[in-house]
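Sequences listed follow chains S and X, in order.
Sequential numbering from 5 applies to the first sequence in our numbering.
Sequential numbering from -16 applies to the second sequence in our numbering.
None of these hints come from the bench; they were simulated from the model.
In this text the structure is predicted, and so the values were computed from the model without any measurement.
Some hints here could point you the wrong way.
[As the list claims (entries may be wrong)] With a straight-line cut-off of 20 Å between C-alpha atoms, the simulated SDA-like cross-links for lysine to any residue are:
1) K326(S) / R631(X)
2) K70(S) / F165(S)
3) K321(S) / R631(X)
4) K326(S) / V389(X)
5) K193(S) / T67(S)
6) K193(S) / R134(S)
7) K326(S) / Q537(X)
8) K306(X) / V389(X)
9) K321(S) / R638(X)
10) K260(S) / P217(S)
11) K306(X) / G525(X)
12) K321(S) / E634(X)
13) K326(S) / E634(X)
14) K321(S) / F165(S)
15) K326(S) / T703(X)
16) K450(X) / V389(X)
17) K326(S) / G525(X)
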Amino acid sequence: MDAELAPAPTLSLDAARAVAEKIRARVRYDVMGRDAVIELVLVALFGDGHLLLEDYPGSGKTTLAKALGTAIVDDRPDDGLPTFRRVQFTPDMLPGDVTGVMVFDANSNDFHFRPGPVFTHVLLVDEINRTSPKVQAALLECMAEKQVTVDNQSHRLDDLFFVMATQNPLDSVGTYPLPLAQLDRFLFKVRMVHIDRASELQVLASWGAPRPPCDLPRVTRDQIIAARATLRAEVEVSPRVHECLVDLARAIREDKRCIQGVSTRSLVLAVPALQTLALLRGRDFVAPEDIEHLAPHIFQHRLSLVPGAGDPTLVVKDALVKPMEALARGTLRR
Amino acid sequence: MTSLRESPALLALKALLHMFAVWLYLRGLASGPALIAALAMVGVATATATWTRRRLRLRATLGLVGLAVAGAWAISEWLLDSTGLWAGLAPRPTLHGADMAFFGLAAFAAILLLRDLSGRSRLFTVFEAAFVVGAVVFLFAGHRGLTLDQPRFFSDWAWSTGRDPQVILRGVGAVVAGISVLMLLESQRIVKIIASLLTLLLVGGVVYWLIKDLRIEPKIDTGGLGLTNQEQDRQGDKGEGKDADGDGQDGKGDKGDGKGGGGNGANDGLSGGGAPPTPDPVAVAVFHATYDPPGGILYFRQQVLSYFDGNHLVADASRTWDKDVIVDFPHGEPIEAAKTQNPDFHVQVPTSMFLLVDHPQPFGLSGSTTIAPRPNPDPRRFVAAYEVTSLVGNMPYARLLGRDSVPTAWTPEERAHYLALPDDPRYPALAEELLRDIDPRFMSDDLMKALVIKHHLETHGFYTRKKTYNDVDDPTAAFLFGDMHGYCVHFAHSAALLFRSVGIASRVAIGYAVDTRLQGGGSTVLVMADRAHAWPEIHLDGVGWITFDIYPQQSDEVPQVVVSRSLESMLGELAREDKTAGRAADPSTAPWEIPWSAIGLGLLLTLAGLLALGFGGKWSRRLLARQSPRFAFAATLDGLADLGERRRLGESRERFAERMVGLAPSLVPMTRAHLRSVLGRGLDQDIHALRRQVQRELRAALPWWRRLLATLNPVGWLLTR
């Protein structure tokens, strides 16, 4: 595909932020009371990561994913990629149901590849832990490599490929819990909590009456790709921030409650996420508050703790104190 | 429920301190094995309390404590009562067993209660500290006011090494203060503990240096004779003392038994008095010549009462009479008394007096002829020092017989002054009745008459402090013509008036009578407050005034306390300017002395140095703020730290700035600008302008006194992070 060879068109930082804000505005129109989650979704989208939502049924996951999908204009109708797709994972699925299969065409007397649902911009994977590990593993390659391999033939996914997977935290009978290796592919695991009272009332009030369709501006796939490139290039990440991240990872690994600490990959994934948050908050540099805000989301689901160790978020927050202190103090020194 | 988190080290330290306190409390009560059992139970209680304070409700703990107390009582009772055990075991192990059970469980209950409560609420750590501090305070409480008391090992050790016990006691006080601080700690960092102790030391040192010369007067009670200034002030305040008008004329003794508020003091008189608590020393007399007083009693006279005002004998305020008694302290020149004592019948005894308590008049051995000033060897300890030369009698009465009392040379006024007595016929009647039995050979001998009267008072009088005659107009008559139960004042006044009624010139002297048999011997005599006394003096022609004390043969008083020899000799040596208090083999070797002035100066200089460093650092950082944006931000944070607002550990700068929005909203953009300059692409705003803006906002948001305190804070910048 030409997109991977051609240098990504760049935007100004303000324009990149405007792209993100447009998406934010549209999603907020459809999803009420989820501003924090929306921000994380945007961070994952622009930070080129994937998102695992842990939530109860009927809490607006699909609405959120759909709203995101509709916010993106399909400005290349001929490439055959829809902006949004949803897959409901079930135990009897096969990898081909996700990636696509080779189909025999009697006319050409040959096998042709029929793309699966992963060939899209935004993919909502519902109840990811309900399917067998091999299907989960097939998705794993898509997420990590942005490509699918069927019959030894690799097919490139779109650069924008963004997975939002969900799982129910309580209903775990007959599930295949995601192994740590797979969880590590997700940038965030977001635990959505129930929305507040006022927002819930607002949802009820707006349900009966038909709402006018959202006429807020949408963004194109290319704009998102350009914005990603811009923020990677333009938002400054100080070596002190790198130090802080590494120190944080080491502190987590040294924590006695931790059996398995965080991976180096997670640190690599963290940098663009931090840059995105900085951009969303109107800065052109990564600040300590970005680390403070994102670190629990980025690291907590990658930990394996000793039994009875409690909430992994606390482990991350405890480990955060010293590196953050060093970072803050460092700013007063040369 | 707040639970204190104590580190194992602190816990162990507190357990040790509790053991120490329990040992001090039980030292004199429990036997050796019981003491060991109690100490072991302290450890068990400490361990148990760490469990109970977390796991049990307060009620359950209190139940446990109650159970332990009941168990302590029940087990020891059972052990002592069970005849089987007595038969089976020897009595000794049974007794020890009962003792161990009782003290062990009691210690367990006490420590469990203290530890558990202090774990539940910080308030109770105070009780915990008080428990430990109390043990030390009780141990040394008996040593207040120069008094020697148990434990003797402490005072003996102090003197054997030539140290002033007072200094040791102060040191003990300082250590106890440190211990109490430790007991109040929970889980601070070691740096904080050391800083706290150092601060305590610094403040304590400065305070001590400032008040080290402050004298704390012991509350002196001379049994209503009002010999000291302190008592006169007290009586003056009460408005009861008729004659205690503060001009140094002590008129108290006229009828000291009643109106003056005296008479019911605990420690009066020669032949009684000293049962209750240890008396306070009021003076030290150092003898420069060997003098063995007749009867073994030294009379230190302060004043005489010779003027009969129609009711009582009082001091002669007009100063016409009693010129042989010196009533002023010497300043510069020695004061000579009128010469009334015949040197042929007296021996000259020079003494040095060192007053520990302020008195309105100087006092010295009776018959003082000269009082000369002398340098005070230790102004912190002695309020006055002077030399007294006295002519004291050394002749037995038999050698003085055959003399008239009133010399022919006396003027009629003088004669009238020393013979004035109440217009009460009972005095001459009683005297006449007494003299009826006198040996005809001595019918006209004044001294013999006086001896007969003295004999009558001694055989028929009953010395008691229980009868004070507070409610009668004429206590002397009530005593003499009543059942003759009374104390020294009554005896002295009765004797003087009876003497006068038979034509013997007499007066009442007041001061201190020290029984040398109760002293340690040697040339130093310690005068204690309970030795206050009143006695009659009679005049003999050609001899002078002689001490003519009455010694009642019947008394209900317990014997006096023996004076502490160590204290006596120590004060004596201090008075002789031997700083080692007589303990050093060679007095010329300089004894070790705590250099308080140097320590105080050192502490002040250290304080000043620290302040200079503090303000130096503060203002140099402020000055640097103009040089670089980084310092501008740091200086802004310094300003907030001066106000006590600082970033918490692990808190990001942005969050801190948001927390400060109420005080200085501009800190948010300033923080952002600072972070951009360090972590981003450099400064994009004028940080100095932002700093000025923050300063303006702080000025507007804070009252003047908080800003003033911030300006005066020298350490704020050290806390900036």
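Here's how the hints hold up against the structure:
no.	hint	in the structure
1	K326(S) / R631(X)	12 Å, holds
2	K70(S) / F165(S)	15 Å, holds
3	K321(S) / R631(X)	14 Å, holds
4	K326(S) / V389(X)	101 Å, violated
5	K193(S) / T67(S)	18 Å, holds
6	K193(S) / R134(S)	17 Å, holds
7	K326(S) / Q537(X)	86 Å, violated
8	K306(X) / V389(X)	16 Å, holds
9	K321(S) / R638(X)	15 Å, holds
10	K260(S) / P217(S)	53 Å, violated
11	K306(X) / G525(X)	17 Å, holds
12	K321(S) / E634(X)	11 Å, holds
13	K326(S) / E634(X)	10 Å, holds
14	K321(S) / F165(S)	31 Å, violated
15	K326(S) / T703(X)	16 Å, holds
16	K450(X) / V389(X)	34 Å, violated
17	K326(S) / G525(X)	100 Å, violated
In terms of the numbered hints stated before, the structure departs from hints 4, 7, 10, 14, 16 and 17, listed from lowest to highest.
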